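Following the hints, complete the assembly by docking chain B onto the known chain A.
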Amino acid sequence: MEGLVALARSLVTFLHFWPIALTLGSTLVGIMIGCMPGLSATLGIALLTTLTIKMPPNDAILILISAYIGAIYGGSRTAILLNIPGTAANAAACLDGYALARQGQAGRAMGIATTGSVTGSLFGVVCLALFTPLLGEVALAFGAFEFFWLAVFGVMMSGQVTGEDALKGWIMGFVGLFVALVGQDGIHAHNRFTFDINDLAGGFSLIPMLVGAFGFAEVLTAMKDKMAPPALRAFDSVLPRFGDVLRYWKTVLRSGVIGVYVGILPGVGEDMAAWASYAAARRASKESEQFGKGSVEGLMAAETGDNASIPGAIIPALALAIPGSAPAAVLLAAMIIHGVRPGPLLMVEQPQFVYDVVAMCTLATLGMLFFGLFLIRPMLLVLRIPRTIIMPIIFVLCVVGSYAIAQRLFDVWTMIGFGVAGFFLRQLGYHMAPLVLGMVLGDILDKSLRRGLVLSDGSLEPFFTRPICLVLWLVIAASILWQIPPIKEAAGRAAGALARLTGVRDREARPRG
Amino acid sequence: MQSLDNQPSPRVEFFSGLGWITLGSAIVYGSWTMDRLENLNINPYTAPGLVPGVLGAVIALCGSIMAVRAARVGTSGSDRTAVTRAPIFNWRVALSIALCLGFALGLVGRGAPFWAAAAIFLFLHVFLFSEFGERRGQRRLWRGILVALAVSAGASFAITMIFQEFFLVRLP
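Heads up: the protein sequence lines correspond to chains A and B, in order. Every letter in the first sequence is one number past the one before it in this note's numbering, and letter 68, counting from 1, is 98. Every letter in the second sequence is one number past the one before it in this note's numbering, and letter 156, counting from 1, is 157.
For reference, chain A alone in the conformation it holds in the complex:
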């Protein structure tokens, strides 16, 4: 009841002209960022963080959340019309969205994507309101030992599910953890790996690193190959059909649950949520043979899953200060910049803020619905701007954004360094999401391990025997073992044998007619 009152108070706070105007404006910006292949939600939020640095905290966070939700949704437009996912989260939407577009049902596909995104997002918002206080309460019992394993868990999970090679993901995660430790350490204020460079004493700032890894690296990636502006096909009405929505309510619900669950997992982003929802829908569907050939259910599942994972990713960011995805990591950093202290004490110190975030997500979802239904055609004009024009402008924004945080040229150099390194690492098959998560979790890991060792007087036993620690390290160990080919093959054989055995038993148990 107390929560409902707080939520109502937050909703009333935001139902004024200025917050609504900010929501609509930033959702539109987010959708346009999402529409443009190459510009990610992470980059959009990082740049907007720098733009909104002087704004009141609630206005700034509202803009970032609206842009986040808008960007993930906006990526589905190009996935459907061009078979090019605007963001990684929309790759699953390409399969059936583009197939529908080729059948002359692009408008219908966009309507389905809009419906799926809105319902997924609203489902996620309900989970955000329900689970953040609960998780915050549980997290109050977490100590240094649990936070150490949570940090390791986040990096390992993110590394494993991003990209095709878990080893590369893990390397990026560990490099991110190390990069976060450069500068004065958080316990004794001793300089680590600063090489007597004064600017390094404060460490690398997160936002310039992110702007470099996601912005400058993306500019270089886009400039590498010549690409003509895409030709857009005409499309029918984008208004969703109620029949499509009601017919697949089970798929929507399942995808919402999967999306939120995947979102909560540290560092596992919206793209995994979309793929997991799509795969689950395909397994459960009566028309699974239609998947990939223009299945309404498949598109609905993918879009519901990725948008449900946005509030899901914000849950651990608020309750544990551990982000569920790369854009949520930037959001977390922005909250800290604006004086919010996410983590287990948030529900004690600033409980209203959690409900403010719920209200912000709700408003942004409604903004997304508005633009999704009524302003699709003008928004797609942005796709006609050649990359040779948009990319240098993005780079200028990267420079301004990096400088704006602390007015230090060192941050611009940081952005350049991480951008060039990020470009070459991408070309070699390394993904940036685990790196980002490592950068965010490095401080938590460092302090938790050292504090834990002090508390246990050097004994590693509590790290392995406390109940939550036990679960976390067992999952981590299993995920590592799973990557070892002989073990993976043996597990596959065992699963196959078990399935055959179960099948034989089922046949024997079946009454003969």
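Everything labelled a hint here was simulated from the structure, so no lab data went into it. Warning: the hint list may mix true and false statements.
What the hints assert, rightly or not - Heads up, incomplete: computed chain B residues facing chain A, CB under 10 Å, no partners named:
(1) S17
(2) V52
(3) P53
(4) R171
Since we're looking at a predicted model, the values are computed, not measured. Beta carbons: idealized from backbone N, C-alpha and C, even for Gly.
Then chain B, alone, in the frame of chain A:
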């Protein structure tokens, strides 16, 4: 997700692994030789080099696994070397990096007003890429110059006004 065609060759993977081993080892060395603050009587488990040292060792271990894996794939003959891969570096990337570095390191913060620095960079980037990257041989030089001028003037003015006047952000 990257397709298999874009995956680097085992040779590149092997040298990447060696690179990670070198980086990890350097971190371990730097952590080991880092001041342990014994003169301050701190708890030895809070030594500043502890966690970076562990991370360095893990990075070196992962690098070793990568190098061994690449070497095995390379010698087994089941590698993907037959696949034609796009080069990771070409003249477009080189030109873009040169222009971006020239702007960010050579112009910004060196006394020139930001709007002027941004306009020069944008003009050069848009003009060079649209003329030599997209429209080579089409003899549309003047059109390219006009487009680049319009984009550079408009964008540098808009960015300066929006950041400096509307959002009150100081520009370099």
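Hint-by-hint comparison with the structure:
1. S17: holds, 6 Å
2. V52: Status holds, d = 5 Å.
3. P53: holds, 5 Å
4. R171: holds, 5 Å
Of the numbered hints stated above, none is contradicted by the structure.
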